Amino acid sequence: MSLRNRAAITGVGMSRVGAVPDRTGLGLAAEAAKNAVEHAGIGWDEIDGLLTAYSMTERYFMLGSVMCEYLGIAPRYAASMVVGGATPGVMVNHAAMAIASGECSTVLIVIGENRKTGQSTDEAVAALTAVGHPNFENPYGPSLPSLYGLVAQRHMYEHGTTPEQLASVAVTTRYHAGLNPAAQMRTPITVDDVLSSRYIAEPLHLLDCCLISDAAGAIIVTSAERARDLAPKPVYVRGVSEYHTHEHVSMAASLTSTGAEVSSRAAYRMADVEPHDFDVALLYDCFTIVPIIEMEELGLAGRGEAGAFFEQGYARIGGKLPVNTHGGMLSHAHAGAAGGLFHIIEACQQLRGECGERQVAGAGLAVVHVEGGVLSSHCTLVLSNSR
Amino acid sequence: VSEGRLLPRPDADTRLYWSGAADGRLLLQYCADCGKPRFYPRLLCPYCHSDEARWEPAAGSGTIYSFSVVHRAPTPALAAAVPYVVALIELDEGIRMFANVTADPAQVRIGRRVTVTFRHETDEIAIPEFTLIEEATAS
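Here the protein sequences line up with chains A and B, keeping their order. The numbering used here puts the first residue of the first sequence at 132, with every later residue one more than the last. The numbering used here puts the first residue of the second sequence at 20, with every later residue one more than the last.
If we strip away everything but chain B, and leave its shape as in the complex, we get (with noise of 0.2 Å):
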């Protein structure tokens, strides 16, 4: 799913995220005094409203909370990308984000254990998204 899609807009608040996308890195936002991530980035933190953070990289892995299959497209541009998966990933560090998920939507589970990949839309904009890490097959 990559024609038509609607780019973000780094700004003062997320350029560093795009920045490291760009990188092939996921970085998460953290609070320098209550210590929680929060995403998606911002000034305050939402839990104690300090406004000092500081970025580390994630690890890369989560679990999908929830997932739709998009079959009629938001816009005609989008029309031969369906069927596609959108869902909300929750990453081991804590947050949760929205993504696709690049996988035959029949394997597409609550539950399902993923990755994160890459999709480079242009020399600044890679965008994140998520492959299912393969279950090992039971015995």
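Next comes chain A alone, as it looks inside the complex (with noise of 0.2 Å):
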């Protein structure tokens, strides 16, 4: 049975996102399901299904259980799911596969951390050594920014990818942060004022990293036939799928090839589309080598060339593939598995023709595609406004 057309995206919703200190984690997640609800007009009793990630900040131990008591919902399907950054495309595929099985009709995901104001920034670096292996990497004393570190190295010694080139990720990134009012940081920056931020783990300097957020995301996703009878124009699940192939970045069999390669050629074949197809990418950006390494798995730029196709700015609006509109993990906000969910809600916003300054003209078919741990579990999805 394929998922194609199946299910289809109707509200979203944010929380206000940067430091919310007036908010819990749970706040922010509630804030995001509210708006997203109120969006898709519907009631709450008609949720019959939730899907949540984790939280560093406050760590239930059955968050999806506590997400429906703490927003007062009973559903039929229930669970919190951890794949890293992954996590917001790994839910939408499971919540199209319940929808399609008639497991459930309206599954409302939901993620949101108060990364920024509910810990210490020591806490936070603290926290994400979690992502190593705690026998065989951590006793090393690696930082999370430097397993990514590892990453952007070895593509530049494979591909000559340049500092410059990643550079120009993050300003690509800002400049379409400071066409969104929702944005955490807008203020341009350069490709000197990247160089010349202090570095984190070479090759990666504090402006080659991701933000630190208190952020949350909501989507309800129900079915195709359901979603045209609500408010918000339908976005279509017309592609989706997973590839998971380690978690270590020590057992990675390559670090410039990846499980994406796997699941955007299967999530392509699903939608029937091909990489040029698409008229704005969404790509998780928790460090600025990793849309470039996305870029060409996704066949969206050839075998080291999405680093110069970000230097001479065809990622930017009106250039010929808009990547991260909305300002990406890099400069609108990251929190946990709530960054990729961003990306998600940027796709659906740039597909309804709501983004104001920063709309793409004609955007009809957005891909999207998230990774958690170290390039290790890889989620594409291909979205679009008409079936």
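These are calculated hints, taken from the structure and not from any lab test. Note that this is a predicted model, so its numbers are computed, not measured. One thing to keep in mind: the hints can contain errors.
Footprint (simulated), chain A over chain B, 3 or more residues, beta carbon under 8 Å [what the hints assert, rightly or not]:
1) 81–92
2) 95–105
3) 112–121
Every residue gets a Cβ at the ideal spot worked out from N, C-alpha and C, and that includes glycine.
Fit the two chains together into the complex; they arrive one by one in their own frames, and the hints show the way.
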């Protein structure tokens, strides 16, 4: 059974992002969920499925059940999922499967964390070492950025990618964030600003790294048929596929050829699209090297050519393929698994023509790619505003 | 880089590996059926899924596959140790492992040859790490 066009995203919602000290993580999630429910124009009692992720600041054992309890809903399908940054994409896949099988009809996907004000920066940095292997990586003192530093160094070695090209990813997304009133960081930056910011883990500078935010997002997934009867223009899940190869970076078969190629081609086959068909790309961007690798893996640029693609401005709104038009995790917001959910929400808003100054003219087909761990777990979504 | 590090906790999968390291030997686990080395040590061969294994000492030399220089320490306890090098080392036996390269970061390059040394932390725990093998100077 193909999931092609079986499910659609209807309402979407976000919390305020950045430093939001008047909200708990659950409170941020509830704010986003309320916005999504009101946007969809449905009643809370119509939600019969709930998927959420995990929280490093509020470590509930059964977060899915806690989320239902906090929101005051009692769905027949609920889970907390932990696939790192890939989680929101994987959730859309699972929601589509649950809807297509008749398990439930209306799934609330909601993820939020108060990573900026719910913990100190030292605590945030230390908590992220959980990505490393406790016995065979963490005794060597890696930071999470250094795990991606290994990836960047290898890509530079294999393909001649330059620090300036990495920096141009941050410059591009910051330019887009400047067009997005909701983004956390909106002041324009230059390549020199990135290169002169301090090293976090060579070859990555401070401005090569994503933000730490208080933030939550929510989307409501329902059947394609039902979505047509609701107020928001349906965004169809035309293709979706996952691929999981490892978790720890030291176990990766390659640092530049990842599971993203496999997940994307499966999603393209389901959707019957080619890489050159997309109007906008929303690519997981925890560090500047990541969208570069994803563009190459997804076939949106040739091998070793994505750095130049960003450097030449082709990824800007108005360019050949605009990337991360909301500002991405580098400039809009990043809070755990919520980071990639904003990519999905931005794709919906682009496909509905709701993006104002940052609207990609005539956007009809979007690709979203999210990854978790260190290029370990992948999910590609092909989203469309028509069936 | 020694102060404030997290130490491994030997378990049923890895006790031989760590006891070897404490004795100054880098022991690798091999599949007794398909013969392939694997890292990290575990119950099943990830290639043929046999549960028969044997152990052999590694030669201890390898090549830097990639590296990063940590400037922002992951924990306050490591703040005094920066900058230090984390790396992926491809051993000559064909497995890849994470380790520190104890060298001036400016000298570290992908492709450089390295050899194992051991950092003794406690009576039971020594951590394999690597140093650069001096390159022959071109005449």
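Verify the coverage statement for the region 95–105 of chain B against chain A, using a C-beta to C-beta distance below 8 Å and requiring 3 or more qualifying residues.
With 6 residues in contact (Cβ-Cβ under 8 Å with chain A), the coverage given for the region 95–105 of chain B holds.
State whether the coverage of the region 112–121 of chain B by chain A holds or is violated, taking the criterion as 3 or more residues with Cβ-Cβ distances under 8 Å.
holds (count 5)
Residue count check for the region 81–92 of chain B against chain A: does it reach three with CB-CB under 8 Å?
holds (count 9)
Hint violations for this structure: none, all hints satisfied.
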